[in-house]
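S.K.: What follows is each chain in one-letter form.
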Amino acid sequence: MPNAWTIEQILGFAPDAAAVKAGEALATPDKWSSLGRNAFAAWGLHQGSAAQPYRSCLELARPAFHCSCPSRKIPCKHALALFLLLASHPNVFTPAQPPDWAAGWLEARRKQAENLRRKNSVWLASQNQIDPMREKRQAQRETRVASGVDELEAWLADLLQQGLAACPDHDPQFWEAQARRLIDAQAPGLARRVEALAAIALRRPAPRISMDGSGWQDQMLEALGQLALLLDAYRRLDRLPEGVQADIRSLFGWTYKRADLLNTASIRDEWLVAAQRVEVEGNNGHSLLVRRTWLWGKNTHRPALVLDYTPDGQPFEPGLAPGTCQGAGLVFYPSAAPLRALIKNRFGPAAPFERLAGLPNLDGITKTYAEALAGNPWLESWPAAVDQVTPVLVENPGSRRGNSPGFGRSAGCVIVDRDGQCLPVDGRFRESWALLAISGGRPVDLFGEWNGRDFLPLCGVADCRWYSLWREVGRHDR
Amino acid sequence: MTARVQSLEKAWAQLAKRAIVGIGRIPRSEEGNAATGLPVDGLMLAIEQNSGSDPAKALLLSAGALGVYRRAGRLPATLGSPLPKPCRMDRLAEAPPAAGRRLAGLLRENHPTEAGLQRAELLLEWLALAAGAGVRIPLALLPETLELAACRPKLESMLSGPARSTLGERGAWLAAQNPDWAFAAALENPGENWQTGTTLRRKQLLQRLRFEWPEEGLRLLSATWDQEHADQRSEFLACLETNLSMADEPFLEAALDDRAQSVRQAAAELLKKLPASRLAGRMRERADGLLVYETGRWPLQTARLAIHPPDEYDPTWERDGILKKPRAGAGERGWWLQQIIAAAPPAYWTSRWRITPEELLLRLAESEWEALLLEAFSKAARRCPNSAWIKALLDIDSERPELLEALPAGDAQAYIIAVICRRKDGRGLWIAARYRAPWSRELTGEAIEALHRHAPALNTNPADWSALRLVTQMAYFMDPDMQEYAEHWLRREAPSGSALEKTFSTLLEILDYRRKMKAEFTKAGRV
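Chain order of the listed sequences is C and H.
Residue 1 is where the first sequence starts when you use the numbering used here, and the numbers rise one by one after that.
Residue 1 is where the second sequence starts when you use the numbering used here, and the numbers rise one by one after that.
This is chain C alone, in the form it adopts within the complex (with noise of 0.2 Å):
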């Protein structure tokens, strides 16, 4: 009964760094008693500052805890040292029978799934209703986006009337306005394209930004030219397939419910989880965290991403681990380059991978890229993993001293494959010395986008060993 978890992923699931330290000075045997195991579960029990000990459980397929101690956290210090404890003295846990206190909720859980189970399949049976209420509703909310769109329309005249060259003179308010007026025609999705506007015409550092020579006017007049085709296939919205359809819905930035997607077939393989990254998004003071999980399948060769939110300050729910490969069903959310995806269930434990199982050159990249643009025009990236390509150094960085502080200016990069053909690297990517050093001048696998301009390397696999490329820089860091 082997532990398939290693110690940087037992981390990775604690809430905050607080957990992290309080749990590693728990993890000791001398700590804990009753230590105990079976081949889906572990439990003990720690004298804490209370009366009675605390009795803390582990679930090990997804993973789930469970601890009787008074903390919100999940996992909470005990149950995060429980698991730290399991990887590094497994023997100490004595194979056994679950006591009452641990059977009572592994059972819970059991009959958790099943309910679970249960109730989509009543759902189901109940769609077949239909609610007054919400068509109401529907039509409401297409009137006010049309005005919106029709609105939208004269004002992107009116830029082109005055021209590109005036942009920049505009104050913030004009662009924040324009936003506003958006949110209120129920499109936050055009709203935040407006946005985007806005930090391009102000030039306000975007996420990424290509190396390549391109000008503010030329992304200005993508941007723009990009926000007229929204628009017009917006009017034409019934006339064109359903994936398309699904796609701008998305854009303009309304949502699907989880429950109606569990219920549509899902796509089952083994999933390589290859790339995780919590980012702060949001604003009007409610900021959220965003957790993006990049899928790739070992079998069918497609990539997946799982969104989770939470709301800031809050801990996420346990998810899954980056650098292991996950037995699953995704479900897909509806598009014509379908990339977002739920987990729906989940089959065998999590193991860790050796091999990344990607495309077998560059050009496989190109073209998946191709055919993804080809369905969504309004994709901005598009990830792929590719195996057994170098990472060349071209750009000599100059000596950074007496510049600003920082991390010393990014090496330029460009990745070459087994046939000689090569894609650059985003100017913008932090690690491109720490994809060197794990590559060594040899080939390696690589996870990551390309957006039609350069390449943004998320995670790779270097000597059966996997890297992430992200360094998680804290909220005030540099």
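No wet-lab data here; the hints were simulated from the structure.
Cβ atoms here follow ideal geometry from the backbone N, Cα and C, with glycine treated the same way.
Mixed in with the good hints, there may be bad ones.
List time: in silico DSSO-like cross-link candidates among lysine-lysine, alpha-carbon distance up to 27 Å [said to hold, decoys possible]:
| no. | chain 1 | residue 1 | chain 2 | residue 2 |
| --- | --- | --- | --- | --- |
| 1 | H | Lys516 | C | Lys31 |
| 2 | C | Lys367 | C | Lys298 |
| 3 | H | Lys10 | C | Lys367 |
| 4 | C | Lys21 | H | Lys502 |
| 5 | H | Lys518 | C | Lys31 |
| 6 | H | Lys516 | C | Lys21 |
Which stretches of chain H does chain C cover? Using the computed rule of at least three CB atoms under 8 Å from a CB of chain C, they are [stated by the list, open to error]:
| no. | stretch |
| --- | --- |
| 7 | 15-22 |
| 8 | 61-75 |
| 9 | 80-93 |
| 10 | 170-183 |
With chain C held as given, fit chain H onto it using these hints.
M.R.: This is chain H only, laid out in the frame that chain C set:
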């Protein structure tokens, strides 16, 4: 660029021009999209026809379509040059995962460590432990380590010197590609790199050469010596201090005639460190007449030390680095006396007259020149370290902790232990706090007990922060295996809430951190 790409870019540029200038200003004749000869032309034509009356819409939709076409059409290019040579395989193993995580925390400074832990000291210690255990820095952490070292001289000299093995082949290969990390790259073509390169690079190169291959460093320096600027000459000369030996003596003797004052001074300083050099010999000659030791004569006259400071300034002294003008407030003759005595190795006196240093210093105490000559002897003892002399000097005036560092580790620590045990006040602790090298178990034990004894004295109100800071500093040099011992003696020793309690608990935390760090390199840490 191929013809197709060119026509595409031209069409795009035309659209961009019209958009930038503004539709209102484009003359009617220039409207309409340029043909690119590519399949997208059909789409562009359709767009124009469908939005005939609305030029803004036509422009934007054309831009949208052409933009998507451009992005989708980008193909991989062929790499013109051959791939660079891959790195050699590393022989050493990587550091254990737990130690690697600790290094990551130290590098990033957001590890859950306590406030007050100085990561600079701990990083140096981590590297020393790794080098001792024969393991490498984890690959993913190499760039951060090298980048930090490029800004921190102590870290840089550690990585290019004693801890070089922790970089491994991968580190040297990586460093060769970034000019900022040249200190870590393998030494190749030193002669060629010496001829080209900035002053900073050449200085780094010279320092490294002196560490690994001193003769080559000297050879390269003397080859280009005459063409260097004066400031460069004095900087490079300072590098010769590493692995200084008699082989450098002829060069330094010639440098005494240099045009620049700073260079002459620097050369003289270095030569004073070589007892066998000609300069040292000259100094001994000059010093001969200045101190005369007369043994006791019958009947029962005690020995006497006669001191005859020089009456006038001999011009030949200038070349050997003896300054004529004294510091403010000091007399001329005393100043010259001091410089000459300081330049002669102290062992000269004791071997000449066959007496112990204590005896000589005792005689010195009777003279009016005592303070001056003590200063001189201390300087001399630091330049040419001599255990007996240093101990004698410390006995007289232990306000000189820098003398301790000139002693070998065992002697220095034995001395400190002796002082701690002998004196009832906190003098021993004060000296120990300034001894910045790894402590032995015995010294750590004595220091902990002394802290325990002096805790009431340290617990002053208001708190003496400088003293308490010294106590915390000790924690970086104590033997971490004595952490439990320290815990036993010092925890709960101070009144709760006092500054002393905070100091002690910080000390214990630092010791605990270091103990865990050390343990992670052993087999137990391989989790």
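S.K.: Compare the structure with each hint and give your call.
M.R.: Tested hints:
1. H:Lys516 <-> C:Lys31: holds (18 Å)
2. C:Lys367 <-> C:Lys298: Holds. C:Lys367 to C:Lys298 sits at ~19 Å (cutoff 27 Å).
3. H:Lys10 <-> C:Lys367: OK: H:Lys10 and C:Lys367 at ~24 Å, within 27 Å.
4. C:Lys21 <-> H:Lys502: Holds - the C-alpha atoms of H:Lys502 and C:Lys21 are around 20 Å apart, at most 27 Å.
5. H:Lys518 <-> C:Lys31: Within the cut-off at roughly 22 Å; holds.
6. H:Lys516 <-> C:Lys21: holds (13 Å)
7. 15-22: holds (count 6)
8. 61-75: holds (count 14)
9. 80-93: holds (count 5)
10. 170-183: holds (count 7)
The structure shown violates none of the earlier numbered hints.
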